[in-house]
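Engineer: Sequence:
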Amino acid sequence: MEEKHFDSNLFEVEAPLDGVLSHFYHFQTSATAETITKHLSPNFEMLLIFNFGSPIRFSFNQEEIGTGCILRTAAIGPLRKLLNYELAAGTQAIVANFTLNGFYRLFKIPMNALGTREVFDPDVLIDKTCFQELWEKLAALKDLRERIQLLSAYTAQFIEPNDAASQPLLEAAPYFHNPMVQPVKAIASETKLTERSIQLRFQKYVGYSPKELLRFLRFKDVIHQMMNQGNEKINLFDLIHTHGYHDQSHLIKDFQHYLGTTPQKFLKEMLGKGFCVPKSDGHPPG
Numbered sequence: 001m002e003e004k005h006f007d008s009n010l011f012e013v014e015a016p017l018d019g020v021l022s023h024f025y026h027f028q029t030s031a032t033a034e035t036i037t038k039h040l041s042p043n044f045e046m047l048l049i050f051n052f053g054s055p056i057r058f059s060f061n062q063e064e065i066g067t068g069c070i071l072r073t074a075a076i077g078p079l080r081k082l083l084n085y086e087l088a089a090g091t092q093a094i095v096a097n098f099t100l101n102g103f104y105r106l107f108k109i110p111m112n113a114l115g116t117r118e119v120f121d122p123d124v125l126i127d128k129t130c131f132q133e134l135w136e137k138l139a140a141l142k143d144l145r146e147r148i149q150l151l152s153a154y155t156a157q158f159i160e161p162n163d164a165a166s167q168p169l170l171e172a173a174p175y176f177h178n179p180m181v182q183p184v185k186a187i188a189s190e191t192k193l194t195e196r197s198i199q200l201r202f203q204k205y206v207g208y209s210p211k212e213l214l215r216f217l218r219f220k221d222v223i224h225q226m227m228n229q230g231n232e233k234i235n236l237f238d239l240i241h242t243h244g245y246h247d248q249s250h251l252i253k254d255f256q257h258y259l260g261t262t263p264q265k266f267l268k269e270m271l272g273k274g275f276c277v278p279k280s281d282g283h284p285p286g
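The sequence shown begins at 1 in this note's numbering and counts up by one.
Simulated from the structure, these hints should not be mistaken for lab results. Since the structure is predicted, the reported quantities are computational estimates derived from the model, not experimental observations. All clues stand as given, with none of them false.
Heads up, simulated SDA-like pairs for lysine to any residue below, C-alpha to C-alpha not over 20 Å straight-line:
# : residue 1 : residue 2
1 : LYS108    : TYR154
2 : LYS142    : SER54
3 : LYS273    : GLU34
4 : LYS38     : GLN256
5 : LYS81     : THR67
Simulated DEER-style distance windows between Cβ atoms:
#  : residue 1 : residue 2 : range
6  : GLN248    : ALA165    : 38 to 46 Å
7  : THR32     : LEU200    : 48 to 56 Å
8  : LEU125    : LEU217    : 21 to 29 Å
9  : ALA88     : LYS192    : 49 to 57 Å
10 : LYS192    : LEU71     : 42 to 50 Å
11 : GLU63     : ALA139    : 24 to 32 Å
12 : LEU200    : PRO174    : 18 to 26 Å
13 : THR194    : LYS268    : 45 to 53 Å
14 : ALA153    : LYS268    : 44 to 52 Å
15 : SER30     : GLY66     : 17 to 25 Å
All C-beta atoms, glycine included, are put in the ideal place defined by N, C-alpha and C.
Based on the sequences and whatever the hints tell you, model everything.
Structural biologist: Structure, rendered in structure tokens:
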């Protein structure tokens, strides 16, 4: 029987975790697996990673793999760029995927206070050793489901209720998928808040602006169309027209921004070759 060298599992979450996390994702490689490289599409969400196996080397966009390395725990995001990660033999990790404002609800740190960095030590963020201690408890367990249960129970202890100020943003999520609506103006009209106040709340709770989100959602639609074309030849000018880009250079600029490459190179070098789009959870960035 042929040995299975790579295995992965996705675990849905239930209340009260479902307001903070969309899911847990587990992956592992066998002790004899050859090193492989995977590419995770931008999704504007936060990830919390617990690594129990070989070090995971990573990079963003077209940087050389190995600009960063995850030994035990790391928080990554909001994921605005392509994440490249290398899986060597004996890799085993669990990834907690956060919802729209889930990272803020768990850590209670304004997202705009994170600055422009993309990778964080979670214990440094909270100035404690909680996640190191949690990693040790998880590592002592051998059963995957026991690890997921412990991680879920631990996380649930620290979930804070939604701030009232974040509710208008959460309730307005459908606006970002309606091309006939200007989300910020619509939220301002409904809440009697200024557009500036709404912009600031976005930065605090999710770490990016509504304008950034709209730009990303358009690009995500382009990627989905390219992935669903199958064997059909992809016409770049059709993508430009369908998704409202000004011209070819406008489309290329977004590919460079989010993936560090061109549409042609994406088709040739990434699509279907370890490129992954995260599971959608119903929130705008998902």
